[in-house]
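*Asks:* Let the sequences and hints guide you as you build the complete structure.
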Amino acid sequence: MKPIVTNIIISALKGEAGSNPEIHSIFPNDNGILKENIIQHTLPTGARSTDFFDTKHNDQDLLVFVSELKCNRSRNGVVSISFLLNDNAEKNAIISVLKTIFSEFHMDKMEKIQDIVNLAKILYTSLNSKQNFQFNGYVFDIQGYLNSIGLSIEKQVRKVKGGLF
Amino acid sequence: MGLFDRIRRKTNLKTVICGLDNCGKTTIVNFLKEGRFIPTTPTMGKEKQEIIVAGTRLELFDMGGQTAFRSIWLGELKDAKCVLWVIDRSDTKRIDESRREFDKILSSVEKFNVKILIASNKCDLPGMSIKDVIDIFELHKINNFEIMECSAKTGKGMVDLFTKFYSILTGKLIKKSVVAKAITIYDNSGIPLVMNSNKAQADQQILEGGFLSAITSFANMKMANSNIKFESQDNGTFIIMRSNNYIGALLWTNDLDAPLEYSEEALKDLLDHLENTSNGEKADVELKFSHYATNLM
Chain R
478 MKPIVTNIII SALKGEAGSN PEIHSIFPND NGILKENIIQ HTLPTGARST
528 DFFDTKHNDQ DLLVFVSELK CNRSRNGVVS ISFLLNDNAE KNAIISVLKT
578 IFSEFHMDKM EKIQDIVNLA KILYTSLNSK QNFQFNGYVF DIQGYLNSIG
628 LSIEKQVRKV KGGLF
Chain U
1426 MGLFDRIRRK TNLKTVICGL DNCGKTTIVN FLKEGRFIPT TPTMGKEKQE
1476 IIVAGTRLEL FDMGGQTAFR SIWLGELKDA KCVLWVIDRS DTKRIDESRR
1526 EFDKILSSVE KFNVKILIAS NKCDLPGMSI KDVIDIFELH KINNFEIMEC
1576 SAKTGKGMVD LFTKFYSILT GKLIKKSVVA KAITIYDNSG IPLVMNSNKA
1626 QADQQILEGG FLSAITSFAN MKMANSNIKF ESQDNGTFII MRSNNYIGAL
1676 LWTNDLDAPL EYSEEALKDL LDHLENTSNG EKADVELKFS HYATNLM
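Chains as they are written, first to last, in our numbering: chain R, 478 to 642; chain U, 1426 to 1722.
These aren't lab readings, by the way, just hints derived from the structure by calculation. Source: prediction; values computed, not measured. Certain hints may be false.
[Said to hold, decoys possible] Sample of chain U residues lacking proximity to chain R, with all beta carbon distances greater than 10 Å (derived):
| id | residue |
| --- | --- |
| 1 | 1447 |
| 2 | 1469 |
| 3 | 1516 |
| 4 | 1524 |
| 5 | 1538 |
| 6 | 1594 |
| 7 | 1602 |
| 8 | 1682 |
| 9 | 1687 |
[Unchecked claim] Restricting the straight-line Cα-Cα distance to at most 25 Å, the calculated cross-link-like pairs of lysine-lysine (BS3-like) are:
| id | chain 1 | residue 1 | chain 2 | residue 2 |
| --- | --- | --- | --- | --- |
| 10 | U | 1439 | U | 1473 |
| 11 | U | 1556 | U | 1439 |
| 12 | U | 1540 | U | 1589 |
| 13 | R | 589 | R | 568 |
| 14 | R | 547 | R | 479 |
| 15 | U | 1556 | U | 1458 |
| 16 | R | 533 | U | 1540 |
| 17 | R | 547 | U | 1471 |
| 18 | R | 533 | U | 1471 |
[Stated by the list, open to error] Coverage of chain R stretches by chain U, computed from C-beta distances (three or more under 8 Å per stretch; other residues unrestricted):
| id | region |
| --- | --- |
| 19 | 522-536 |
| 20 | 553-565 |
| 21 | 600-606 |
We put the beta carbon where it would ideally sit given N, CA and C, even for glycine.
*Replies:* What follows is the structure, given as structure tokens:
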């Protein structure tokens, strides 16, 4: 079965003076994606905390959520978490799920990029297996939420009885 | 090309704001736009902001300062009228890096005849003097530059910076508005923390005397973010406003440049500014207030 989310990319710019964008891909299948492309897509010009971008990368949908990153020194940084979707993904349902999770789960309270990478790994598994999302004591029932809004995160294939096709 | 595009081209007042990361570029832009300090996060790439002053639209291109974004600075210079180069005067360790980056844009600045305004930011912290900066950057070799000290955190020198910046862009002078005869800041229980008056001692006595009891009554009302206004025949109009941790009182009179609504807005900005910048201790409030008040009186 095809995964719904093919990759999650985390781009972070810490608040410390002299820091540069740091990029993490939680899925190894990113050989064809250039670093410059990732920065351009996932840390778009003028990105600010709580921004959301719905864009494309190589004809694949890319959902980018921007948040603040707590830093100990200097000022806070900015971090984006981007979801590269497969063609079988129902984009609007996934946007709705992620927006709900991010509004309830405060990513901006996280201090380490590694924590966000760990969060992304769990999100990747939860979305692709449609299981509950559980992280640091927070639980989100993905399937229950989708049932309540009448959507599925996977495109439904309509079966037609009879006919040639 | 449409007519509107032609007008836009003719009235191009584009400013590119450059400098190392964490030197305060976005904080300066936010202060110019909002009139108070707003905490920021690093700028990704670049961000365009617009300010309309006296019917003139000013375009501010706030450029990301991280090394990954510095290559895009030059591309913005060719149609700019002014470069605002921001220096963190307290960061002596990175001043040479700032100088090296400054040198990289100089040839483009000369080629496109762009004016340079240097903001020596963070003057609320110990750091380099203007003379030090001129020496390190060898500014005496450049014809077309201005340099000013400011603090986008406390607000010191921000109006002066803006008036200079405006006159470079438009060739016109803009006058600083005086919005209050006197401003006093109290803590939430009505105890005076700091006072500023541009008139004689008498005004201060008014504020310290009978007026204080009115403030104390107001403080006891405990209404969150409430504000009141009352007119005194002898003195003028008092605006009293509350934020989470402070009460601000502003005395406005007819002969001031600013209309009453503008002064009300200014008092609100001042309280927001103190909420964002001050730790609430009297000495700190005094410092932050004295820097900010230079913009109001």
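*Asks:* Does each hint fit the structure? Answer for all of them.
*Replies:* Status of the hints after comparison with the structure:
1. With 10 Å as the threshold on Cβ separation, the claim that residue 1447 (chain U) sits away from chain R is violated: the shortest Cβ distance comes to roughly 4 Å.
2. Interface exclusion of residue 1469 (chain U) from chain R breaks down, the closest Cβ pair being 4 Å apart, not more than 10 Å.
3. Separation of residue 1516 (chain U) from chain R is inadequate, the least Cβ-Cβ distance of about 7 Å not exceeding the 10 Å criterion.
4. Residue placement check: residue 1524 (chain U) keeps its beta carbon more than 10 Å from all beta carbons of chain R (closest about 15 Å).
5. At roughly 27 Å, the least C-beta separation between residue 1538 (chain U) and chain R is larger than 10 Å, which holds for a residue marked as non-interface.
6. At the 10 Å boundary, the C-beta of residue 1594 (chain U) stays outside the reach of chain R, the nearest C-beta of that chain being 22 Å off.
7. At roughly 30 Å from the closest C-beta of chain R, the C-beta of residue 1602 (chain U) stays outside 10 Å, upholding its exclusion from the interface.
8. Consistency note on residue 1682 (chain U): stated as away from chain R, and its beta-carbon is indeed over 10 Å from all of that chain's, at 35 Å minimum.
9. Distance to chain R confirms residue 1687 (chain U) as a non-interface residue, since its nearest Cβ pair spans about 29 Å, more than 10 Å.
10. Among the hinted pairs, residue 1439 (chain U) with residue 1473 (chain U) is consistent with the structure: their alpha-carbon atoms are about 10 Å apart, no more than 25 Å.
11. About 28 Å separates the Cα atoms of residue 1556 (chain U) and residue 1439 (chain U), which puts this hinted pair outside 25 Å; it is violated.
12. Our distance criterion of 25 Å between C-alpha atoms is met by residue 1540 (chain U) and residue 1589 (chain U), whose separation comes to about 12 Å.
13. Proximity of residue 589 (chain R) to residue 568 (chain R) is assessed by CA-CA distance (about 29 Å); at most 25 Å being required, the pair is judged violated.
14. Of the supplied pair hints, the one linking residue 547 (chain R) and residue 479 (chain R) is violated, its CA atoms being roughly 35 Å apart against a limit of 25 Å.
15. Among the hinted pairs, residue 1556 (chain U) with residue 1458 (chain U) is inconsistent with the structure: their alpha-carbon atoms are about 29 Å apart, more than 25 Å.
16. Pair hint residue 533 (chain R) plus residue 1540 (chain U) does not hold up; C-alpha atoms about 39 Å apart against a cutoff of 25 Å.
17. Restraint check: the Cα-Cα separation between residue 547 (chain R) and residue 1471 (chain U) comes to about 22 Å, which is no more than 25 Å; the hinted pair holds.
18. Distance check on the hinted pair: residue 533 (chain R) and residue 1471 (chain U) sit about 21 Å apart at the alpha-carbon level, within 25 Å; holds.
19. For the region 522-536 of chain R, the proposed coverage by chain U is satisfied: 5 residues have a C-beta within less than 8 Å of a C-beta in that chain, meeting the threshold of three.
20. With 3 residues carrying a beta carbon less than 8 Å from a beta carbon of chain U, the region 553-565 of chain R meets the three-residue requirement, and the given coverage holds.
21. Figure legend: the region 600-606 of chain R, annotated as covered by chain U; annotation inconsistent (0 residues with Cβ-Cβ distances under 8 Å, at least 3 required).
Consistency note: the structure conflicts with the earlier hints numbered 1, 2, 3, 11, 13, 14, 15, 16 and 21.
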